[in-house]
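Novice: Sequence:
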Amino acid sequence: MAMHRALLQLRSAGRGSCSRLRFPERRLRAAFSGWAAAAAAAAARPRASRERQVPGGNVCSYAQGAPGYADASRRYTSSRTTVDPDEMKTFQALSQKWWDSNGEFAALHALNDLRVPFIRDTLLTYSEKMHLGHPLQGFRILDVGCGGGLLSEPLGRLGAVVVGIDPLEDNIRTAKLHQLFDPVLKGQVEYTACSLEEMAMEATNTFDAVVASEVVEHVNNLEIFITCAAQVLKPEGSLFITTINKTILSYAMAIVAAEYVLRIVPSGTHEWEKFISPEELEKYLASSGFTVEAVNGMLFNPIFGTWSWINDCSVNYALHAVNSKVAEQSDFVSESSNGKDNGSDQSESSSCSKDKL
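Numbered according to my numbering, the sequence shown spans residues 1 to 357.
Check before you lean on any hint, since a few could be wrong.
[Stated by the list, open to error] As a list, the in silico EDC-like pairs of lysine to aspartate or glutamate whose alpha-carbon atoms are at most 20 Å apart:
1) 274 - 259
2) 234 - 121
3) 246 - 223
4) 246 - 259
5) 234 - 223
6) 246 - 279
7) 283 - 273
8) 246 - 273
9) 234 - 293
10) 246 - 282
11) 283 - 293
12) 234 - 202
13) 176 - 100
14) 274 - 223
15) 97 - 259
16) 246 - 280
17) 97 - 169
The hints are simulated quantities; they were obtained by calculation from the structure and are not laboratory data.
Let the sequences and hints guide you as you build the complete structure.
Specialist: In structure tokens form, the structure reads like this:
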């Protein structure tokens, strides 16, 4: 009942704009005080001490001492990488569960009902390409942080040529295995175990669109991430991001409720400090030559397991930006190309009223 009341409150708040959280703070604390208490012990526990090392390449085990671990981990030891070692260890434990539609990734399965049409319709709006039955034929899309391929596959079925990348080899193995069950995807979807900065060094001005869905809240260096996204995009290419706002409500809903009360997301999946507001994200995007065209709020209903568009971006939101200039070669890519530090470097002004679906 407490969760139901919270959802009703959120719907009411959704009638406002993204730039304001309309919950009275006193009511918010009252609604979620019990939930916060339930998560207090877990939140207070420090994460286990971890070296900032991440396996890559063909290494798919995080057990220290596993064959090749030390060599592969050196790919992601620099602060100038987008890959966060702690995040990788979290998702390593879930790498075999991507296609369980009732499991830990159930919310991501349901999110396809919003994000796939959002990507499809936006790309068609900005293009004269149109193929009946395969509307995205002729588009080349990079799915960053593709995991097990939950988003890559439906985009491929719509006709796009999709390259899914993920620095975790086990995720790529899961994606490739599932792809075999649908012959339609042969030649449409390709998976590679690598980071975005590694892809940027080899695929400048290559893609019509880059998709980063539920990814930016997990990256190590957001500035590099966006710079590399601009690098791989063609001029006027599209960047699609879905992520979590940084508000009191997002902490209550995305962490306390989702991870520790309802347990629809594994505990420890998110860090509130890594959440980002649309305003801050737009600043990063503008500095890399992007123009934000749309910001739309999203709401997950855990009772029915469904997503819907709302006017309020206080928790989840989707963003579309266009690469409005031909990006010059980034400092990161130039530095890596010259062989400097190459081993370690591999691997609310934005309102929902901008565009309402």
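Novice: Mind checking the alpha carbons of residue 234 and residue 202 for me, to see if they're no more than 20 Å apart?
Specialist: With a Cα-Cα distance of about 14 Å, the restraint between residue 234 and residue 202 holds, given a limit of 20 Å.
Novice: Would the pair residue 246 and residue 223 pass a check requiring their Cα atoms to be no farther apart than 20 Å?
Specialist: 17 Å, holds
Novice: Next pair to validate is residue 176 with residue 100; report whether the Cα-Cα distance is within 20 Å.
Specialist: Holds, because 16 Å separates the two Cα atoms, which is no more than 20 Å.
Novice: Given the hinted pair residue 234 and residue 121, is their Cα-Cα distance within 20 Å?
Specialist: Measuring from Cα to Cα gives roughly 19 Å; hence the hint holds.
Novice: Between the alpha carbons of residue 283 and residue 293, is the straight-line distance 20 Å or under?
Specialist: With Cα atoms ~13 Å apart, residue 283 and residue 293 stay inside 20 Å; holds.
Novice: Under the criterion that the straight-line Cα-Cα distance not exceed 20 Å, is the pair residue 274, residue 259 satisfied?
Specialist: 16 Å, holds
Novice: Given the hint that residue 246 pairs with residue 273, does the C-alpha gap stay at or below 20 Å?
Specialist: Within the cut-off at roughly 8 Å; holds.
Novice: Do the alpha carbons of residue 246 and residue 280 lie within 20 Å of each other, as the hint requires?
Specialist: 10 Å, holds
Novice: Are the Cα atoms of residue 234 and residue 223 separated by 20 Å or less?
Specialist: 19 Å, holds
Novice: For the pair we were handed, residue 246 and residue 259, check the Cα-Cα distance against 20 Å.
Specialist: 16 Å, holds
Novice: Given the hinted pair residue 97 and residue 169, is their Cα-Cα distance within 20 Å?
Specialist: 14 Å, holds
Novice: Would you check the hint for residue 234 and residue 293, treating anything up to 20 Å between C-alpha atoms as holding?
Specialist: 17 Å, holds
The structure shown violates none of the earlier numbered hints.
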